[in-house]
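Asks: From first to last, the protein sequence lines stand for chains A and B.
Using full-length UniProt numbering, you'd call the opening residue of the first sequence number 1 and step up by one each time.
Using full-length UniProt numbering, you'd call the opening residue of the second sequence number 1 and step up by one each time.
Just so you know, the hints here were simulated from the structure itself, not pulled from any lab data.
Treat the hints with caution; some may be incorrect.
Which copy is meant is left open, so a pair is good if it fits within one copy or across any two.
[Stated by the list, open to error] With a straight-line Cα cutoff of 25 angstroms, these simulated PhoX-like cross-link-like pairs (lysine-lysine) come out:
| # | residue 1 | residue 2 |
| --- | --- | --- |
| 1 | Lys345 | Lys106 |
| 2 | Lys106 | Lys251 |
| 3 | Lys66 | Lys278 |
| 4 | Lys274 | Lys76 |
| 5 | Lys106 | Lys238 |
| 6 | Lys66 | Lys148 |
| 7 | Lys76 | Lys109 |
| 8 | Lys148 | Lys50 |
| 9 | Lys66 | Lys345 |
| 10 | Lys345 | Lys109 |
These figures come from a predicted structure and were not determined experimentally.
Protein chains: 2
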Amino acid sequence: MVVSVQEIGQRAKTAATDVAGLTITTRNDLLRQMSQALLDNQSAIMAANKEDIAAYANTLSQPMIKRLTLDQPTIKAIATSLLAVVALPDPLAGPFDTWQTHVDLKIVKRVVPLGVVAMIYEARPNVTIDAAALTLKSGNAVILRGGKEAIHSNTVLANILRDVLRDNALNPDIIQLITDTSHESVNVLLNMRDYVDVLIPRGSAKFIDFVVANATVPVIETGAGNTHIFVDQSADQKQAIAIIHNAKTQKPAVCNAAEKLLVHVAIAAEFIPKITEKLVRAHVELRGDQASHQLDPRISLASEQDWDTEYNDLIMGIKIVSGTNDAIDWINNHTTHHSETIISKSSENVAQFMNQVDAAVVYQNASSRFTDGFEFGFGAEIGISTQKLHARGPMGLPALTTIKYEVFGQGQIRE
Amino acid sequence: MVVSVQEIGQRAKTAATDVAGLTITTRNDLLRQMSQALLDNQSAIMAANKEDIAAYANTLSQPMIKRLTLDQPTIKAIATSLLAVVALPDPLAGPFDTWQTHVDLKIVKRVVPLGVVAMIYEARPNVTIDAAALTLKSGNAVILRGGKEAIHSNTVLANILRDVLRDNALNPDIIQLITDTSHESVNVLLNMRDYVDVLIPRGSAKFIDFVVANATVPVIETGAGNTHIFVDQSADQKQAIAIIHNAKTQKPAVCNAAEKLLVHVAIAAEFIPKITEKLVRAHVELRGDQASHQLDPRISLASEQDWDTEYNDLIMGIKIVSGTNDAIDWINNHTTHHSETIISKSSENVAQFMNQVDAAVVYQNASSRFTDGFEFGFGAEIGISTQKLHARGPMGLPALTTIKYEVFGQGQIRE
């Protein structure tokens, strides 16, 4: 029986009360059982995953197939990651801020779950488990809507987790998967204000924009990263080359990879041929402004569109700027507010850059590839927020909570 | 010259950088000067206000006219409120969380202004000053769009504040008023994602719904309050009557006033005639379910629509419920997530109510009229959030800030 998206929303709302009432001992125990259940059901998971891969073998790129694949080591890693979530502190634990008001009301500012969290994501079945684990740990019900390419894998994975809930006499609807992979199911989800407390979309900038334009449920924007590196006049150029190379090539398909390079005009003639040499050897295609193109013909001419494009590929835009002010202005006009970097020895320029660049994370002399919940030490990551409300940058468990004021009186009325 | 809304947005974005760079000494000094400037320009303010009132004398209700009126005591009070904002702590001050990561990156989690805050509000010119003062104190640029009925007052007030900025050789566009009072100007504002970091609408539930459905800029929903009081079997009935009377009648037009009364069936026959007597004497119209109507004929029959209506008037809905579970279910199906109250001596029922009712503020044995930034001790209030993201309940200065991660490296790259 296919359950409608509306029905899934209603069930999630009910389940949210159930999961919010679970102790941290129970939540952690469920996560341990889920970890074991994944290992116990490896063959079923791999069989379903093979179906998915077979259906898309000819249409998906090799990196996409890799992200879709669940083999024994991947399943082991996912099962282990659940135990890491168990080890994290309870995001709902006190002590809570508590005070008495001027009329002697006692106010407790409690941390509580958001309620129903919905996730829309691509063909990455590991996100099904990640998202379910982090929402369960934080006392939320979750509605999962993964990419159609992973539907068989996701169905088996969600059923394994739901069976653990059932085995513990709990409401299985604490974790629900939308198996309707039509666009219509997304549209319904975007507008279920009665049931969904927050929607976290993961995907391309274009998809996130679609969600923002069409959703009436509250959204946390994540992941779009048109990230820049500005090489200042005072930069240690050897360090700059190492950082740019790392940020661009270590994992080009991810959101914290560098996409654009801004070079101070005073060092451009010296620096641009050096970085071009390094990047061309790493098979990076370079697209630049007129000035950088003239300095090195291996840099082709960029189009206007390039400056706002997140390539997620071995391509980089290069532009020469007149200084820190120019770099900041350029970045603030083209940034997706994710991660921005200055390579500089000038503490004054670094301070100005960090103050004025409008991004979740601003770096001095380091690779933007460190924008990550694990690298930041949060022990988990439900996504990287590029918005300013509620959560910004890598989001750990606290991003899945909100607050509630409990007020205790003895008959106080307002004069 | 009328400046277009787009142009106002662009200017605000530039001004946001200017205001973010001001020290707390400067921000406070500006607020002091603005307070004095309001007193110095009382006659101009009152003259403009008279124009507004004359234009709407025949179309606005008496309470609306009262909210619109700026006389000497009101202006004095507004000027004094600016000095109260000066006295509040700087929401951007540290100390900030700071740590070293496993690769020895130093991360500073700084508190920073949101950037550009837009406010849409009704014909209450005091909000023009409140909003400008709180956004300035928190280092934000503000775009104000007040009700058309207050356009002359708002124009004079905004110009007084902008003149203070000019006199200090600062960008006057830190504070801007949209003088175009057409609906079209609101529509443009709702979709200026390039310039507006957050929009705070204040107004009717219907207007907030319109904003949520049509905005692509991030919104903080405020103020809609279909608030309930549940009188449990164990309630101190005398206390309950005092609280209900206060919450319903002390200021019926505001969002934290009570709108609905739920009575435990076991005490209904005794309690309902008593509370009806009290409320009818206070000129409250009562609309109830069949059961309460039968207990007291002064209660008329409510329509389905009543249960979801915020009256903002001397009207109250009454319903008999079978107990705490029934009350919680009813409330969660009809609440606007603002403030909800239980009158009870049962700590068990109170705990269940507080845990399971989905609202920003939950009360035991007190009037919901205390949901207010000043009553909570925040010293300020930019609105009352009824959403779960970013801010919930009364919002003080911290609600106008976000965070930014500053990462300091020495050439770290990701392996």
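Asks: None of the hints should be skipped; say for each whether it holds.
Replies: We went through each hint and held it up to the structure:
1. Lys345 x Lys106: Only across copies: lysine 345 and lysine 106 sit 16 angstroms apart there, 52 angstroms inside one copy, limit 25 angstroms.
2. Lys106 x Lys251: between (52 angstroms within a copy, 23 angstroms between copies)
3. Lys66 x Lys278: neither (27 angstroms within a copy, 71 angstroms between copies)
4. Lys274 x Lys76: Cα proximity of lysine 274 and lysine 76: none, with 43 angstroms in one copy and 66 angstroms across.
5. Lys106 x Lys238: Between. Shortest inter-copy distance 21 angstroms satisfies the 25 angstroms Cα cut-off; intra-copy 59 angstroms does not.
6. Lys66 x Lys148: within (16 angstroms within a copy, 58 angstroms between copies)
7. Lys76 x Lys109: neither (39 angstroms within a copy, 34 angstroms between copies)
8. Lys148 x Lys50: Classified as within; 14 angstroms inside a copy, 63 angstroms across copies.
9. Lys66 x Lys345: neither (40 angstroms within a copy, 60 angstroms between copies)
10. Lys345 x Lys109: between (44 angstroms within a copy, 22 angstroms between copies)
Consistency note: the structure conflicts with the earlier hints numbered 3, 4, 7 and 9.
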